[in-house]
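Residue numbers (the UniProt record's numbering), protein chains in the order written: chain L, 1 to 508; chain R, 1 to 91.
I should point out that these hints are in silico values taken from the structure, not numbers from a laboratory.
Owing to the predicted nature of the structure, the values given are computational and were not obtained by experimental measurement.
Each residue gets a CB set at the ideal place from its N, CA and C atoms; glycine is no exception.
Be aware that a few hints might be false.
[What the hints assert, rightly or not] Output of the computed footprint for chain R on chain L, the stretches with three or more beta carbons under 8 Å from beta carbons of chain R:
#	stretch
1	5 to 18
2	84 to 92
3	174 to 182
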Amino acid sequence: MRPETTALHAALRSRVEVVARTLSIALPPAPTAAEALEVVARRVAASADPNEIWLLHVAITGVFPEPDDFGRLRRALVLSTPATAYLSALEGAIEAASQVFASLRSIEVVRDEVLVDVDYCARWEHNTGIQRVVRHTVPEWQGREDRPHRLVAWTEDQTGYTSLTERQLDRVLHWSDRRFPKELDPRATNRDLEQAALLVPWKSTILVTEVPADGVCPELSALAQFSPNRVSIIGYDAIPLVSADTLPDDESERFAHFLSFAKHVDVIAGISGSAADEFRAFASMLPSQGVEPPEIVTVSLATEVSSSARAAVESVVVDPKEPPLIICVGSHEPRKNQEAVLFAAQVLFREGLDFRIVFVGSGSRQNTFRFDAKVSRLQKEGMRVESHRRLGDDDLWSLFARARFSVFVSLHEGFGLPVAESLAFGTPVLTSDFGSLDEVASVGGCVQVDPRDDESIVDAMRRLLVDDELVSGLHGEITEQTPKSWGEYADELWQSAVAPLVRTEAVV
Amino acid sequence: MSVLSHDDAKPAPQAPGAEADLAELREAVLDDWFRVTSSVTGAVQEIQATLSWRVTKPLRWARILQHRANEIGVVPAAQLAAVAVAKRLGR
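Whenever a hint applies, use it, and build me the whole structure from the sequences.
Now the structure itself:
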């Protein structure tokens with residue numbers, strides 16, 4: 001036997017032995033790969049148990065199956081006889097095994113544990129909405145004996161779970177206090193992928209904290225449907241479908257694939273009542289295709305800002321001679337309605353009001369080009385207006401400290417972190433009067449308008465600029481607020497989306 | 001017992017010579033299976049190395065890359081797109 005063939009046999013034998021132990025299947029002493037697979041394939045074919053077929057697929061191929069992969073193996077086994085189960089298992093898995101570099105992989109079955117999927121945050125140096133939620137929440141569970149869990153990411157070819165490297169752990173757990181330089185991981189070679197060590201959940205609970213990448217939705221869908229694991233996800237919003245008119249088409253297409261996985265999970269934890277309502281509506285459609293809908297719960301996000309940010313804001317001394325400052329923070333896209341805010345500012349500038357308005361937020365050139373050109377024109381006319389696409393945290397906090405009020409009149413949000421953060425910084429907010437923004441604003445400190453009504457925005461901004469009593473009242477309402485901490489959010493999320501799915505009472 | 005039944009999943013008793021033949025056959029099948037799966041995976045690599053593949057690659061990436069670049073910047077977007085394209089080919 002050639003050395004590479006020997007290695008392939010050894011890797012397969014090792015994976016099948018792991019599965020045999022997991023399923024309590026007795027193997028002959030020191031079996032070859034073929035002998036071990038023969039015994040396990042007969043047993044799995046005899047049981048026709050979807051859970052066992054899912055696991056057998058992982059053992060043979062070294063990858064998590066997609067629904068089609070699972071279906072091929074299941075049908076091959078069901079049609080087999082005891083004498084042909086071995087051949088049918090190989091035949092049923094040959095297509096999946098032929099298309100990936102996974103033949104030398106090892107597997108570790110992770111039984112009765114909690115796995116927290118933090119794939120994107122682990123692998124990428126990007127930190128806006130969803131990533132901020134994950135990087136605030138997951139560290140709250142570290143070192144807690146009552147929150148035992150493993151962090152997992154996907155292999156680079158998106159075919160199975162694997163442990164995080166030290167650098168990846170650093171990206172997730174120490175975002176604001178990094179141990180390693182901020183740089184991307186080197187690309188995995190085919191050899192790296194072929195020899196990866198997979199973590200295979202078995203009777204475990206998986207919390208998917210992000211909107212998963214397109215490429216892993218089929219694997220997650222099969223895992224949720226056919227493996228004995230329980231899956232919960234955080235439901236951020238359904239904006240790509242409900243407000244598809246405000247986003248690029250491929251964003252909606254990707255989200256539809258995500259829903260194909262989401263419909264098979266056990267729990268969806270909406271980040272606001274509004275987000276939960278959207279997923280509840282989606283769940284209500286599922287009985288029409290015979291799918292039992294997930295349980296939908298609401299776990300509203302935290303509203304606190306970090307103590308260092310708050311301290312930085314409190315240390316800023318505002319010069320009373322400066323013109324009043326308005327800030328509008330958020331990624332620049334049609335849904336965020338920055339055009340309406342700029343229009344309102346133009347009207348008030350022409351009325352002769354003295355103020356400065358600053359827009360902060362990145363965006364595609366397609367979305368920002370005309371806006372920034374308009375800002376430049378208005379600057380030449382003498383209007384104090386600025387647009388910043390990249391601004392450091394310190395500069396942003398300084399703006400919040402100096403602002404008379406912030407404006408966030410988005411047309412559709414899953415939560416509305418800019419409103420919560422503004423309030424946490426002590427800055428009144430002009431925001432929308434429906435959906436999740438209405439929820440966040442309900443604590444006080446906000447003026448609310450219909451964001452589709454330009455005149456309402458103009459009127460509200462005028463009042464907030466000239467009416468000191470109004471602003472003072474809003475400050476009073478903010479002073480009485482106690483922002484919800486990330487620790488509280490993490491606790492609620494665990495209790496709502498993890499603990500109910502965990503089998504061992506010790507973890508609950 | 002029906003031929004298609006799995007009621008008795010244990011291997012039926014075989015004559016010693018037949019058992020040895022079966023074991024040898026199982027090993028041969030597995031060797032062939034590895035040969036086929038490895039050659040197909042290798043073929044994917046070869047396709048990825050062809051001129052036409054390389055020429056059309058930018059076009060295939062363009063749509064994904066454009067959107068991702070808007071979202072997270074050019075460098076991470078390029079890496080994400082590469083992973084997605086490789087997977088679509090590979091799986």
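Against the structure, the hints come out as follows:
Here's how the stretch 5 to 18 of chain L fares: 4 of its residues keep a CB closer than 8 Å to some CB of chain R, so the rule of at least three is met and the hint holds. As drawn, the stretch 84 to 92 of chain L meets chain R at 4 residues by the rule of a beta-carbon pair under 8 Å; at three or more, the given contact holds. Counting residues of the stretch 174 to 182 of chain L whose CB lies closer than 8 Å to any CB of chain R gives 0, so the stated coverage by that chain is violated, three being the minimum.
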